Amino acid sequence: MKPPLPGLVLKRLNNQTTRTTCPYCGVGCGIEVDASNTNLRMKGDAQHPANWGKLCVKGSAVGETLGMEGRLLQPIVNGEAVDTDTAVAAVADGLNRVLAQYGSDAIGFYVSGQLLTEDYYVANKLIKGFIGTANIDTNSRLCMASAVAGYKRAFGSDTVPCSYEDLNQADLLILVGSNAAWTHPILYQQMAQAKRDFPHKKVVVIDPRRTATCDFADLHLAITPGSDALLFNGLLAYLANQHALDQDFIVQHTQGFAEALASAQQSAGDLNKLAQACGICLDDLTRLCSWVKNTPKMLTFYSQGVNQSSSGVDKSNAIINLHLATGRIGKIGAGPFSITGQPNAMGGREVGGLANQLAAHMDFNQPESIERVARFWQAQNMAQQNGLKAVDLFEAVDNGQIKAIWIMHTNPVVSMPDADFVRQALEKCPLVIVSDNMADTDTTRVADIVLPAAGWGEKDGTVTNSDRTISRQRAFLQAPGLVQADWWWITQVAQKMGFKTAFNYQSPYDIFKEHVALSAFENDGVFSRRDFNLSGWLNLSAQQYDDLTPTAWPITAQNPQRNARMFSDAAFFTPNQKANFIAIQPKLPLEMPSENYPFVLNTGRYRDQWHTMTRTAKADRLLQHRREPLLSLHPLDCYSDALQPGGQIKAGDIVKVSSRLGETLMRVEFDDGLQPGQVFAPIHWTSVYASNARIDRLIPAVVDPISGQPESKHAVVNIELWAVNHHAWFLSSDPNWFPSAYQNAYWIKVPQQHTTLWFLAGQHTLNLTDFSAEFDVQSSSVECISYNDNAMQVGRYAWLKDGQLQAILCFAPRLDDLPASDWVASLFNQTELTPAQRLAMMAGRDAGIEDVGNMICSCFQVGENTLRKAIKQGAYSLVELGKVTCAGTNCGSCIPELKQLLAERI
Amino acid sequence: MRVATQIKPDLLIIGLGMATMKLLDEMVELNAHKRFNVQVLSAESEAGYNRILLSHVLAGQQSLAQITTHDQAWFDQHGISVHFSQKVAQIDTQKTKVITKSDAVFQYDKLVLATGSQAVRLPVKGANEQNLLTFRDVQDVQRLLTIPPQNPAPVVVVGGGLLGLEAAYGLVKQGHQVTVLHRSDRILSQQLDNEAGRMLQNQLERLGITFRLNSQLAAIQTEQNVNGVMLDDGTHLDAKALVMAVGIQPNIELAQRSGLLCKQGVLVDQQMQTSQADILALGECVEFDGHTYGLVAPIYRQAKVIAQNLLKDGSRVFANQISSTQLKVSGIHVVSFGSPVPSDSTAQTLVYQDKKQGVYRKVVLVSGRVHSAVLLGQIQDAQWLFNLYLQQTIISAHQRQSLVLGQAYYERNVA
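Protein chains in written order, with our numbering: chain A, 1 to 906; chain B, 1001 to 1415.
Don't take each hint at face value.
[Claimed, not checked] Going by beta-carbon spacing under 8 Å, a handful of chain B positions derived as facing chain A:
1) 1348
2) 1354
3) 1378
4) 1409
It is worth saying that the hints were derived from the structure and are not from the lab.
Please read these numbers as outputs of a predicted model, since none were measured by experiment.
Quick reminder that beta carbons are idealized off the backbone N, C-alpha and C, glycines included.
Sequences are here, hints too, so could you generate the full structure?
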């Protein structure tokens, strides 16, 4: 049991359980928080329809991320800490000055799927209705903008047609571009359970990488990166050939079929050629074809692998085409199901918090919509057209068109493609306002004004998950210091700017009510007919809002309760209510490998990390799964001449990964789940946690022409060995220590419970004083324990003060000569060390204590060596392994890795 | 059979130190003592004791009885005759008999010389039998115990080797001020490198011993008793007694007198045979292949060789080998083997150091094998390291980094 986190203040002192929603992915799991004391025990909400009581490892550890370390507690204006009034005035004056001097379009907001719907609503209202520009975009642009555009092209509305229940009911699950086992663990587990319960179900994973998700697949198609649309075109052409389409549905409920089929037949009519173009074998392809042909309950589950592409919208529509042509939509267990990455990406879509949306699922392409929203808002300065999407927005910052930008809860200096460009643009921008709950992020480093925003547990409002379920996020902690909720900052600034009455809200409830009203406003099928409709809640009281249980929209008089499967009436939101087929000309990624950049770089998430780590890095157990960002390479590529002429790269070596835009330094691991020539890197590491691992430095700002979503999962790169003089790690109890000598070399920062762990590698000769400067070994209270093998240039040093361990350094030219750091780290909170421990420190482990190996099960801290031993001793199944070691019996996120270990036995 | 006992050959041993004791143990172990009529001539008057533990007796931590390994009952039990206070005057190699100073005559078929060694006494001005104490045997300890503790002047110990430090420790425990003079720049210069020497010196200083390094004794100043010493740089030190512990030299007069070939010690071959047939020698009195001996380990191996060869003639041989040395001072642990400061330019050094805890562990590798080691403070892995040395085990790159940390770490690192 972890001790209570210092500095937390409960919102109300009673023994209540608070039901809230997880702040991580788009699954939107319910969490029950025992807020009777600051231990804050958390468990899955057994009544929440997204998770029915389960939680993944990140969700289980969310309580550990609430500590005050690193929190931003007061506003900062030009480097000075100020009070909230001063901060509000500074933002309002700054925006008004830009407005007066350069006009509406010189202002931009870049917001986030971490905002609650209420925050999002007022941000959107302020900029579109009162500042007078639609220059508001969100980090959802990087996540699912292509899926939104795909739905809108096909259905006339951004409507996710499926619900999570359909995952259980589908007989054929096709996962495209999704490593759900790591990115949406609870949905993955639900699907895996359904497959175990009903083994006749078929699961197909389409992904260039063999990921953990392939664990439960009947068929994994490791397609050539970017060939997804081609494959779905091929399936459409095949089914047409086989007369396996739903002709009635096509005729009655769709339009544009002939053109779509012609494109499909022309691009992918021949199965042999198709298999070749997709890089898969014909047998696998025909197997998929036959399953698709024979399984009416087919659900396609797709995510960033489809969306983050220069033709992501087309890929979405190729998938949707197949569902429309087979009538597999609006029915039980069937449909094209886009899964979002963030807890409230959907809420953002609902309020219209994207540059190419207006509000409440209305768009700028209909003048009557603009007029309607302006009238509803009593807008003083209504925007009239789409604003700048993320990539264009930062380009406008760079070229001086945007003079003031307000960034809320997101870290674009890390997450945007061509991230160095974004940093340079922001450095030039006259007014950068950043709302965040962490003080030091790559983006707050370039801010003029920083506003302390409430974090999870402190803020109140609603979120919408991937299956349109609206849930409450509830506060159980008091906001510390001068921290305020985002809606508060936005409405205070709006009022200070002069928009007093329009932003005179007292609570999130006030805002939510207006949001409900707008969704219902003239949405009666006469004035207009819109999918997003909460009219059933028009009379919701404050108490009912507080007590709200998870409910999927639409919420209307006809359908007051949750869980309407959309399109069961096959009436779409186009003018003639027919869904659109889109003729798809499949395109490969824009940049292809060349002599100079021979490798294809894919990017993605790690199981236990989230986005740019501002939250997850605070829970040390989440850093145990992967402590460093690794460049994964196929083992055969270590011999590649392109990579290392005449030589060989070993696991653990540091390599320089470069694209035409920039370079990063990363450690290498081998993964035979990759195709040779393809490499993978995680998206999470920032300048706060790594010297040079911001992978978006390498990603070109190539976007989908319709959605504006960047091709974040694709770059062509070169890889060279970065020969080191030494590898090292350094554990320090001093949170402010920084490896200045490694600024242009390799460092990775791993915050741990009592210490900070630094992984280091340098091309220079190690200088001991870079580490020992603060320890006066002449002083009687300071001790140094050392181990040296001068011939091999191996050194290990521990420094103690008053008997307590302060820091330990291990270095060696060979990675193999570095001991493990975990056990040593556990000694930092001891007031005195035994003689045996003092010696053991230099070995990195107590001779009496097992080296547990790589952490596999983060929940119970079960390492690889422990598991291998248990398997050796007869735990031959998951169940037995769970009994013996507890591994995999809590969140289950590690089950694919457990199975891998079990498989290795055979 | 009665007749058989009468025809047993006479095995005569001169000296009853640890070498003889070990030889007798080995013979008993092999039942070889029953094939001989074994007799021992001892110049001392005590039964066999463990001389290594004399510093504990001097420190008052153990009594003579406690360090006695073989008492009269033991000799009786095994039918071995010991003749105490018998100083040998002459060996008649022609007639294979030994004549003592009291004119007793002992016939032998096999004779073993184990006459030991004596402390080196530096010929400094003012030195004489009375004022120059040594630290070799029970008599020495008894004399040291008579130094008056109430006199505040220090006892000066000359020599910072094993023996000198053990004597100094015992004397400090008796309540004396002790100053150790050492001519080298570090104590235990045969066993330790500079760092370990400094650390050990610190620990001994904390016990109350004072050191003067790089200094030699020039003269002893006496009136009735010792009252001071003069160093080679002219410094005068008050002193109430002087203990000489600069080394030992083999006792070879008897052998020389009896016509055995000697250099530093009594020359022996690999079967411990002297230049005279039927006369064997072992222990601190012998010289083999240019080496003389002061540590028990090689001497014990010599005893084994002799015992076995007495049983089955001539099959076992002795060979020189590095020995591991320990300092016998309570609470201070030092083990060393091999050359602490290797001259070999390819030598590679692994060092663990925890200064404030007085821990220093150094292993020197040559050609990937253990070549020497110094352990200070924590010595539990000394024997294991020494065995790695003896077996010339090749240390893999994989295991190398845990070698100096000890067996527990090393063996867990097997690939």
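Against chain A, is residue 1348 of chain B within 8 Å by beta-carbon distance?
4 Å, holds
Given hint residue 1354 of chain B near chain A, where the shortest CB pair must fall under 8 Å
Check passed: Cβ of residue 1354 of chain B comes within 4 Å of chain A, closer than 8 Å.
Cut-off 8 Å, beta-carbon criterion: hint that residue 1378 of chain B touches chain A:
7 Å, holds
Hint check: 8 Å Cβ-Cβ cutoff, residue 1409 of chain B to chain A
5 Å, holds
Checked against the numbered hints above, the structure breaks none of them.
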